[in-house]
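Trainee: Using the sequences and the accompanying hints, generate a full structural model.
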Amino acid sequence: MTSDLPVLLAAVSILSALHMAFQARRVGWSRMKHKIMPPAVTGPPEFERTFRAHQNSVESYSVFLVVLWISGIFFNEVLAALGGIVYIVSREIYFTGYISESKKRLPGFFLVLSVLLFLTVTATIGIIQAFLDKYLNIRLL
Amino acid sequence: MTSDLPVLLAAVSILSALHMAFQARRVGWSRMKHKIMPPAVTGPPEFERTFRAHQNSVESYSVFLVVLWISGIFFNEVLAALGGIVYIVSREIYFTGYISESKKRLPGFFLVLSVLLFLTVTATIGIIQAFLDKYLNIRLL
Amino acid sequence: MTSDLPVLLAAVSILSALHMAFQARRVGWSRMKHKIMPPAVTGPPEFERTFRAHQNSVESYSVFLVVLWISGIFFNEVLAALGGIVYIVSREIYFTGYISESKKRLPGFFLVLSVLLFLTVTATIGIIQAFLDKYLNIRLL
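Chains as they are written, first to last, in my numbering: chain X, 254 to 394; chain F, 254 to 394; chain B, 254 to 394.
Simulated from the structure, these hints should not be mistaken for lab results.
Check each hint, because a few of them may be wrong.
Mimicking DSSO-like on lysine-lysine, the simulated pairs with C-alpha atoms at most 27 Å apart in a straight line are [said to hold, decoys possible]: (1) B:Lys357 to X:Lys286; (2) F:Lys357 to F:Lys288; (3) F:Lys356 to B:Lys286; (4) B:Lys356 to X:Lys286; (5) F:Lys357 to B:Lys288; (6) B:Lys288 to F:Lys356; (7) F:Lys288 to X:Lys356; (8) B:Lys357 to X:Lys288.
Mentor: Written out as structure tokens, the structure is:
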């Protein structure tokens, strides 16, 4: 019954959710370290970089989930799940780079963009194939 | 195999994800134009309006995806996908209006609200029908 | 046809989307009360607490949806839907507590964390069972 569920996509999604929680946790730790009490979101540069690093992940997270699941269901689950793992690692590189120095967010940022591009392209190919199959009865490959 | 997948919802979701990326990109361009380096999020009014226009889209994006997919799966996929396209256009009207002047965000904002309301109402009707069918064995229409 | 759709998860998701909209609405009311016009996001402490209470919900919302749906589909739909309802109530306790006083956000915050933990643990158990079944042909229970 559960054997046709996309378990790899689900596993990567849970990992990414835990990584989001870990980033939020580190914003909380930075608040304590710099004594920045909510609702304040401004303070020393290190705190502001940590806060923005997390915000940037939040801004992308829904986009990531959309392309991850559509790539995995319409194109290939294993490839999409691998892309998802690379995304989480790239987000970690982005986060740790950003909190040390603003410019050091860039390597992780370009990795993040590359993975999102890969997932978007594969998702789009999968959608085109499914559209041709479903509405025009054309089967590629 | 892929012929029963909700390909229209997937296609609209990918378009909306690309539109989110395009909005983020314009925040980046506004940073360059006004020389506002991350992690700063304050600056000239035009930059702050651009930043907030994107943030507002981020705040609504998960809500949009929820009502889009539930409306499309529980009510009608074609109608929901059309609603999704209207949503993306409304978000663009909101964004370009907002960055030119704060008050000009309002027409797009009310369009966005209207589409979200439409998707929420159709999703709710679909859920009620599915609930009656699944748990009480009552089939409307 | 619709009788095997996860209608309880869909219903809870729509309720949570409406609750997100209600929180956004209260930020709007707080803007009017304190005459804080967009794109400004700073002002009297009560406005800033209301703004941050909503932002915190936005930051968690995708994470909530991920663990809600995976817990509901891979573990147990009724339990996950009940968890979702507790999450919405906890978010309301968090929001109303936070807007009255920063420290009063904490009881709701710990409730929110508890529900997210419950959904994450049940989702993980469900994924492990599905993984063993699908890839190793091992059926627990």
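Trainee: All hints are to be evaluated individually against the structure, with a verdict given for each.
Mentor: Results of checking the hints against the structure:
As the CA atoms of lysine 357 (chain B) and lysine 286 (chain X) are separated by approximately 21 Å, the hinted pair is consistent with the 27 Å bound. Taking the CA atoms of lysine 357 (chain F) and lysine 288 (chain F), the gap is about 25 Å. The hint holds against a cut of 27 Å. At roughly 18 Å between alpha-carbon atoms, lysine 356 (chain F) and lysine 286 (chain B) fall within 27 Å of each other, so this suggested pair holds. For the proposed pair lysine 356 (chain B) and lysine 286 (chain X), the alpha carbon gap of about 18 Å is at most 27 Å, so the pair holds.
Restraint check for lysine 357 (chain F) and lysine 288 (chain B): satisfied, since their Cα atoms lie roughly 18 Å apart, inside the 27 Å limit. Proximity of lysine 288 (chain B) to lysine 356 (chain F) is assessed by CA-CA distance (about 14 Å); at most 27 Å being required, the pair is judged to hold. Note on lysine 288 (chain F) and lysine 356 (chain X): the hinted pairing holds, with a Cα-Cα distance of about 14 Å set against a maximum of 27 Å. At roughly 18 Å between alpha-carbon atoms, lysine 357 (chain B) and lysine 288 (chain X) fall within 27 Å of each other, so this suggested pair holds.
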